[in-house]
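K.L.:
Chains as they are written, first to last, in the working numbering: chain F, 376 to 631; chain H, 235 to 491.
For the record, the hints were derived by calculation from the structure and aren't laboratory data. Mixed in with the good hints, there may be bad ones.
Pairs of lysine to aspartate or glutamate residues, derived as EDC-like cross-links and limited to a Cα-Cα distance of at most 16 Å, are as follows [what the hints assert, rightly or not]:
no., chain 1, residue 1, chain 2, residue 2
1, F, K575, F, E607
2, H, K260, H, D294
3, H, K441, H, E473
4, H, K420, H, E387
5, H, K420, H, D446
6, H, K441, F, E393
7, H, K244, F, E607
8, H, K244, F, D610
9, H, K244, H, E283
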Amino acid sequence: MLPFLDAACVIGPYANPESPPGYEGNVAGLALKMAELGIVEACPSSITASFYCVDEGNQELLQAIEPYPQLHPVFLVAPNQTGEMPPPDQLLAKMPTMSLAKMLVDEVQFYTPLIDVELYGEVFDALAASRTPLLLDYANFFHEHTFRLRELLKGWPQLPVLLKFPKVACEERVLYYLWEKFENLHVVMSGYQLLGGIEKVVERFGARAFVFGSNYPYFTPLQSMLHLIYCELSDGDKRLIAGDTVRGLLRKEVAA
Amino acid sequence: MMLHDALAGKRLDKYHIIDFHVHYGKWGVTHLPSHSDAMIAKMDLVGVEKICANGITFPDMAEGNRAVAAFAKRYPDRVVGIAGVYPMNGDMVEELKRCVFDYGFRGIKVHGQMIQFPYRDLDVREIGGQWERVYDFAAEHHLPILYHGVVTEDDILNFPETTFVMAHGMCGLKGRSTKERFARYKNHYVDSPVTQNTPLETLETVKIMGADRILWGTDAPLDDFAHRLGVILDLPIGEEEKLAIFGGNARRLLGLA
Numbered sequence: 376m377l378p379f380l381d382a383a384c385v386i387g388p389y390a391n392p393e394s395p396p397g398y399e400g401n402v403a404g405l406a407l408k409m410a411e412l413g414i415v416e417a418c419p420s421s422i423t424a425s426f427y428c429v430d431e432g433n434q435e436l437l438q439a440i441e442p443y444p445q446l447h448p449v450f451l452v453a454p455n456q457t458g459e460m461p462p463p464d465q466l467l468a469k470m471p472t473m474s475l476a477k478m479l480v481d482e483v484q485f486y487t488p489l490i491d492v493e494l495y496g497e498v499f500d501a502l503a504a505s506r507t508p509l510l511l512d513y514a515n516f517f518h519e520h521t522f523r524l525r526e527l528l529k530g531w532p533q534l535p536v537l538l539k540f541p542k543v544a545c546e547e548r549v550l551y552y553l554w555e556k557f558e559n560l561h562v563v564m565s566g567y568q569l570l571g572g573i574e575k576v577v578e579r580f581g582a583r584a585f586v587f588g589s590n591y592p593y594f595t596p597l598q599s600m601l602h603l604i605y606c607e608l609s610d611g612d613k614r615l616i617a618g619d620t621v622r623g624l625l626r627k628e629v630a631a
Numbered sequence: 235m236m237l238h239d240a241l242a243g244k245r246l247d248k249y250h251i252i253d254f255h256v257h258y259g260k261w262g263v264t265h266l267p268s269h270s271d272a273m274i275a276k277m278d279l280v281g282v283e284k285i286c287a288n289g290i291t292f293p294d295m296a297e298g299n300r301a302v303a304a305f306a307k308r309y310p311d312r313v314v315g316i317a318g319v320y321p322m323n324g325d326m327v328e329e330l331k332r333c334v335f336d337y338g339f340r341g342i343k344v345h346g347q348m349i350q351f352p353y354r355d356l357d358v359r360e361i362g363g364q365w366e367r368v369y370d371f372a373a374e375h376h377l378p379i380l381y382h383g384v385v386t387e388d389d390i391l392n393f394p395e396t397t398f399v400m401a402h403g404m405c406g407l408k409g410r411s412t413k414e415r416f417a418r419y420k421n422h423y424v425d426s427p428v429t430q431n432t433p434l435e436t437l438e439t440v441k442i443m444g445a446d447r448i449l450w451g452t453d454a455p456l457d458d459f460a461h462r463l464g465v466i467l468d469l470p471i472g473e474e475e476k477l478a479i480f481g482g483n484a485r486r487l488l489g490l491a
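Modelling step: build the complete structure from the supplied sequences, incorporating the hints.
P.N.:
Here you go:
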């Protein structure tokens, strides 16, 4: 069994009684589903942080996952000009060592409508200095995002970026360009579902191009798990994608 | 158990999986195995027994049908031909006759938006008044119609002898009351390839429609065969229900042995 680490899942403080077991939307459900499918570790972020209050949500997440050593927190980050959350260096000081940062990029609502490298420069500086990986969670992924993403990847090459989006089809051409140019880009598998696509990408850019992330509880983690299990890749490449790449990033390991 | 076999990466041939929704052709992803025999190799990796392939991504439906026919002829045990028809490509029933009598196709695919710019806003139902003839032909020859757009609820009601399968309908019928309304039509089915398929909605569809009214599909090449297995395999339903969705229902609708 591959050592799966789910780099892209979310939990809330509630439980939906109508959902199938394991999809209630809370930390207990996540732990249940992980045990059932054999997922070793996961990095959940907080729905409260995404849609209610960044700071409260991040703290709530830390408390919720405390009994679960297999879970590593994903902290929402946002600009602090309004004073509603700590400056980036203070925010990072609150984060456990093995953490990811996350920006929810949504042009319609909430904190980050578009990646603006000037507006978020201090945040990127702080993350890059501490080598804290940044999960960019796009509500949609348009061509304009590519230009802005390029500025981020180019401006902060030491900042690992995990890119998550709902789903790509022909738009993946822009990803080939980004993979070719930037070593610090890792695409989350949940939105990349093309037939035979992963093999093509890994052949050209190596296994670092993808990381396993499920988009739980919106998707079953089993989708991307089986996608990887049945891929025509070496066992070593599969292990990297399943979790070892993100484990290395969480430990702040730097490639030689 | 199928789930355990899948997690172990075993070939799933013994479960007789049929993918009801596959596009043969380029469709803008020319670097992927969507228009060559490499698709068979991808099926073999997982153990997908058969795919129902349509050629509606070709600008000329007749050309797409010919390509699918040639593909199915090379792999008669693996590829079931599905006829694509579109009113801007000529008489649809004449094309269907060619597909069924000459090529041996077993189903029909209709899509409301396959010819894009400059006709993106065109209502294809208003072209040529041919749709009723298509539905009658389908009923007469027991051809299920996989539809994406075009077909209305009135069509389903008014052509009870015709079998309609709503593409992406597993989570495309939004809301419990909508699912319950469509569940009443015994000639109506849904298939499973949906991008935003939450486990909650997926399970709700199975409960309301019944597992015998759902067909597994991938929308390949826009999705990988293995990826789409997870949607059904992770449902808290019986193994028999899963096997019906994965192939039993398609076998029945297509008249396969």
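K.L.:
State for each hint whether it applies.
P.N.:
Quick rundown of the hints versus the structure:
A threshold of 16 Å between alpha carbons decides the hint, and for K575 of chain F with E607 of chain F the separation of about 10 Å falls inside it, so the pair holds. For the suggested pair K260 of chain H and D294 of chain H, the alpha carbons sit about 13 Å apart, so the restraint of at most 16 Å is met. A threshold of 16 Å between alpha carbons decides the hint, and for K441 of chain H with E473 of chain H the separation of about 15 Å falls inside it, so the pair holds. The suggested pairing of K420 of chain H with E387 of chain H holds, with an alpha-carbon distance near 13 Å, which does not exceed 16 Å.
As the CA atoms of K420 of chain H and D446 of chain H are separated by approximately 11 Å, the hinted pair is consistent with the 16 Å bound. Between K441 of chain H and E393 of chain F the CA atoms are separated by roughly 12 Å; this keeps the pair inside 16 Å, and the hint holds. Note on K244 of chain H and E607 of chain F: the hinted pairing holds, with a Cα-Cα distance of about 13 Å set against a maximum of 16 Å. For the given pair, K244 of chain H sits about 15 Å from D610 of chain F by alpha-carbon distance, which is consistent with the 16 Å threshold.
Among the hinted pairs, K244 of chain H with E283 of chain H is consistent with the structure: their alpha-carbon atoms are about 14 Å apart, no more than 16 Å.
Violated hints: none; the structure is consistent with every hint.
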